[in-house]
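Chains as they are written, first to last, in my numbering: chain A, 1 to 711; chain B, 712 to 1107; chain C, 1108 to 1209; chain D, 1210 to 1326; chain E, 1327 to 1495.
You may find that some hints are simply not true.
Only part of the chain C face toward chain D is listed, based on derived beta-carbon distances under 10 Å [to be verified]: (1) M1108; (2) P1110; (3) F1170; (4) I1172; (5) A1180; (6) A1187; (7) I1190.
Straight-line C-alpha distance at most 20 Å; calculated DMTMM-like pairs for lysine to aspartate or glutamate [said to hold, decoys possible]: (8) D/K1240 <-> B/E737; (9) A/K196 <-> A/D411; (10) D/K1246 <-> B/E807; (11) D/K1246 <-> B/E802.
Think of the hints as simulated: they come from the structure by calculation, not from any bench. Since the model is a prediction, treat every value here as computed from it, not as a measurement. All residues carry an ideal CB built from backbone N, CA and C; glycine is no exception.
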Amino acid sequence: MSTETIIWLIPLPPALAFFLIVLFTNRNKALSHTIAIGAALLSWLGSMIVFARALGVEHFGEHPFESSINWLPLAGSWFKIGVLVDPLTALTLFFVAWTVLMIFIYSVGYHNFGQPEGDHDQKGLPPHGATVEEHGNKHVVPSVEPMYSRFFAFIGLFAFGMFTLVVSDNLLTLFIGWEIMGLCSYLLIGFWHGKKSARDAAVKAFLTTRVGDVFMLLGIAYLYSVTGTLSFREIFTETTLHALQLIPSGVLGFSTAGLIGLLLFIGTVGKSAQFPLHVWLPDAMEGPTPVSAMIHAATMVSAGVYTVIRMFPLLSLDAQTMSVVAFIGAFTALFAATIALAQNDIKRVLAYSTISQLGFMIAALGIGAYIAAIFHLITHAFFKALLFLGSGSVIHGMEHGVLHTGNHKVDPQDMFNMGGLKSKMPITFWTFLIGGFALSGFPIVTAGFWSKDEILADAFAHNLPVFITLAIAAFLTAFYTMRQITLTFLGEPRTEEASHAHETPWTMTFPLLVLSVLAIGYGWLGIPEDFPILGGLLPNWLHEFAGATLAHHPEAGEFHPVPLLTSFIVALGGLALGYLMYRNVNSSAEDKLQFGFLKNKYYVDEIYEAVFIKPVTWFADKAVYQIMDKGFIDGILHLFGPGTQGIGDAIRNYFDLPFINRFLGDGSANVTYFSGEKLRVIQTGRIQQYLMLALILFIAIGAVLYFFVFA
Amino acid sequence: MDFLKDPLKVAADWLLGIFAGWGMPELWANVLIGFLGIFILVALLMVLDIFLVWIERKVVSRFQSRIGPNRVGPFGLIQPFADIIKLLIKEDTTPEGADRVLYNLAPILSMMSVLILWAVVPLAPSILGVDLNIGVLYIIAAGAIGTLSIIMAGWSSNNKYSLIGAFREAAVMLSFEIPMLTVMLIPTIFTGSMGIGAITQAQDTWFVFLAPLAAVIFLIAAIAELGRSPFDMGEAESELISGYNIEYSGMKFGMFYAGELLHAFTFGGFWAILFFGGYRFFGLEQVSAFLAIAILFFKAFIGYWIIMWIKYTLLRIRIDHMLAFNWKFLTPVAFVLLMATAFMNALLADASNWLYIGGMFLSNVLVAWISLEVARSASRRERERVEGGKAVEAHQ
Amino acid sequence: MVPLSWYLIFSAILFSIGLFGVLSRRNLVAILLGIELMLNSVNVNLAAFWRYGTVTNITGQVFAIIVFAVAAAEVSVGLALVISVYRKRNTVIADEIDMLKF
Amino acid sequence: MSSWVYVGLFLLVGLIIPVGAIVAAWALSPKKPNPIKQTTYECGIETVGDSWVQFKAQYYIFALVFLIFDVETVFLFPWAVKLNSLGMFAVIEGIIFILILVVGLAYTWRKGMLEWV
Amino acid sequence: MTIDQIIFLVVAVATLIAAFRVVTTGNLIHAAFWLIAALFGVAAIFAILHASFLAVVQVVVYIGAISILFIFAVMLTRKDMRDQGPQLNRNWGFGAFLAALALVGLVFLVHGWSGVTKTAPAFPSEFDAVSALGNALVSPDAYVLPFEVASVLLVAALVGAVYVAYNRK
């Protein structure tokens, strides 16, 4: 098969798996996961073949694999969709294929395949365990997930969205993949929809990312209206980029390129959980523990960063946009790292660390360190996947302990309930340690060191404030990582549950092992040429390969000892300090870092509530309600259908969207609901009247357009 | 000699000459000639219809070990004319509360829907009827009018039995239209045209050898379309007395009755045209147009006879079985057959003629065998389930 | 030869009649009947533009066929909704089905 | 002259002949109506209520399934006509088209909506 | 006036009368039958336009299936079929006004358009609309995607309608 054909086929198996599972094999658990894993395996195989073939092409950057077909007929021309694999895509495809396959395998074990049905499990709630009788005595074992097949269907669809996004050659199909993932994210966060917290988190994630998506769609529409194309290869030509750079947009002094870039970047802010739209990600941990968390940490959020990297040629045209990007990235990196210090939930620590690491990548892009961003994106995907799967494994082990003792009050996710798991779960411990060290940037050995070092070096060369911020963030990263490892694995078990935890099945540990190999090995592909001693032993393959994506091959940075030393110091110092401080801590009360404002995430959610939601509710209540409701009376009520809509729209577009959502995250839902409550008096509920009004408007607008605009 | 080859053209030229002699414009003359030709054809069909009554009665008698009509004329041949006279002078009642316009329109439409089918019948190589390039769909379109007339009759009679009968009949006719349409696609694939004339001309090998299963499905669906036993749920006389035509009497009933007979004969004809080469019989059709017509009618009569044979042999099927048979067996099989045929057709596009025929035939047999096996095992499971349930009940 | 404008005006009238039906009938089924008329008028237009444009460019007919599919989908779902509403509320009068109001 | 003119003529003749037959019968037959004669025939039992009895929704379901498949076959006819000249690609497309619809049939079947009772 | 025009006018007027009866007649069953008449008229218009395929499909799909679906639906909602009350809602006058306005607007647009005086081109020899349609529907450069999407649409309609209409116990 030709490479292009394979690329076309890569996203398809998971989609087919989704439909097969939903329609036919919903009842059969084994068949469902076989289909899903088989599909992931096929996609993985396709990706690896494409990757291998890509390595064999000389000057791959100039001659990527591409293929497109006519899709939508437009006036006189066709809107084309197609696939494109250039070095960036090949690298992304590589890590996506690996992580997706690993999630699929891991899910089998996580959802307790092969265990008996639960005693009183219900669809929509996590399994509570099943009682089995063995040799005459009853004991409780984990029970299989009641919606097992559905889960595999969802992650199949998710994988389809991710692969579509990665291989697409234009922004529209990229956006389609993006939205499919948004939907899957909603479905997976709310997978246990019997829990209120899961439902709320799902809605919150969906709405928050939606804010970003709206801006992104605006950016896409703007781009299309200016250039007439959405295909990457056509946009990134010299002439188009030049034109985009020169035309001013008329907004705040941005060039067209800058404004489009900024709008697209806001989409990423939502998807990759950057400040101020980061609030959904920690809540997203309500999903089935490691797997959805992993999707929200290693794969989907990477899509946001991937998009910015993909649009880098456009973004880099406007210095103003770049500085916004750099600022947001650096700020988020530090901001999230500080919050992570005080979290006790093993998954929340990782969630905030994800936000922080994504901030690293964004900041790297903002200062123009293109390759460093790609490098960190890949290494982060591997070690963060490893950490999340490891934490899932820990929780799973703890749940086993909880089932054993029967004390359901013990939270299996609280790190202060753990301790001493090192001997109980050795594979999990060692792989988690590797992941943690990679995250901290443990020098020389781990992949995280090389990518983070490269970001720091570039930051040092270009932008000192960013460098300092990132260095502090890196230090905190190492610190809280070690805190986590110490609290979880070292010392003595602090609860009885922890002492009864035991190692998880091979379907869960196998992905951990694979990912830990990748988390270490991948870093060696990107060792800078002029690094002392090690430099030049292995060629800096990544730099050559990834750099070829851009028309102008970026220069490798000059070697400088300061950032290298900084890397060493922050990583080792953070790790050491973390170990020393938490060696003897036994409960959260003894933890010196439990500052209220850190623990409560700087009160961001509360600030949103107090500063914005309350006044808006007040405004909706007093102003909107009084004016609208008292102002217009019953007799002409039904004439105001569009009026309502207009006011609603106005509130949403000029007030709600930019003002509230931008800063508020989930406040908008409440406001819309509340004002809808007050405004619904105007609706008559009669479809024909609505239609008449729509028609009047249609005729009026048509007449105006005909006589005045087009005349 | 020309007259034997192409009688229609000879007659048309002759008439055209006469009309032109009267000073009529050519356009109008052509329309008038067309009208006359069609009128003669339809009149002949009505005469044929009258004899179909006799044939039907004779045949059913033989099936039932009776003699049938034998008093009026030799072998009772004049009997149908006596029937017509009876129908003409019988009092025609309209039930109270009937919707008069629709009530009177229904039998007319019923007859019309059958008569217009003959517009696309190719009678001989030179007499193609109206050679529409969408002939196959035209058959279905005419059938749609037939369905409509039944609903009209049932609704306008203001009678519960009529309405139920009409609705059942309509549901059956609709349902069986799907497999019929689907297998009609198969001759279309072989021919590369929907024209009935083209389909006939393409049958150097009768399509029944290429698609025997399609021929069988078409026959079954056709019988259901006709509303004849074993699919005569719409006029089940033991339950609904006579279904949708219960309130009709006299000539209006006659129209329904004659329409049904002619419809059956016509579908015998279409079966012959789509799958048995129509007027073709080893080149004999080239000798004379009249011989070609005779061949077609002979084949149509065979088809009609098979339809009668089935009607007077099998018992009526319950409506739920009937619909289940259609939707759960006939329609899926027809779809599978269509896909298999399309696939084999592309696969064997370059194969030799014999290989093509053999491959097609075998794929049909294979589809038939597999679907019968699946159906058999499914029904066995169903029977076990039902009987198992009964056994449990008995045990309790 | 029939001028193109005749077809267009015929379809405009048909459209308006359908529109009147949609706006003014009380019965939901009757509203759907009006929609069918409107869809048909569109099809007449499409076929007329095909005939009077480039005949070998079959786009008009393709669109008309797609409209058939859309009409089939519309009518099946629409009537199913009507039947469902009738079961629950025992009415098919459009004005009585105003649950969406306050 | 379009061949549809002849179809129109067929329609005309197809109307004229049955109308003629019915009109002839109307002219020849006696007309002596009385109320008893005009009651509807329901096996000799007095008619109760009117004829618009409650119908099963199943009729609707079958008509619905029919409609969908009817439209489907309409799409397939142009496909079938061109199948010989378009090759395997078109065959695969058609098969995908049919399979998608078969999924609908399977759904209806699985949900037990093809049952009469 | 040529014979073509006369045929067209007869068919068009009959169709419009039928269409008008559809929206004004009180009895819904009659409205459905009038709809059938109107649809048949439209099929005749297609035939006049030499769009044979559309004409037959119009009869097969609309008369053979959609109208029967309508009749079944009317039968299933029988209580209101006999509703002797007004068949038009309170705003019918306004509705009529809007429909007339739409008509005026459309006629105005047709009137002002330059292409309206076009004459129909002759058919090229060997032109077969059905095979052209076949080509258009399945060749990748044309409408293969709408073709496949149509089947998805139909399945969606089938599943949705069956789901909604089915009487769950």
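Status of the hints after comparison with the structure:
1. M1108: violated (13 Å)
2. P1110: Since chain D brings no Cβ nearer than about 18 Å to C/P1110, farther than 10 Å, the hint is violated.
3. F1170: violated (13 Å)
4. I1172: holds (7 Å)
5. A1180: For C/A1180, the interface hint holds, since the closest Cβ of chain D sits about 8 Å away, which is under 10 Å.
6. A1187: holds (7 Å)
7. I1190: With a closest approach of 6 Å, the C/I1190 hint holds.
8. D/K1240 <-> B/E737: violated (47 Å)
9. A/K196 <-> A/D411: holds (18 Å)
10. D/K1246 <-> B/E807: Distance ~9 Å between D/K1246 and B/E807 Cα, so the pair holds.
11. D/K1246 <-> B/E802: This hinted pair holds, its Cα atoms lying about 11 Å apart.
Checked against the numbered hints above, the structure violates hints 1, 2, 3 and 8; every other hint is satisfied.
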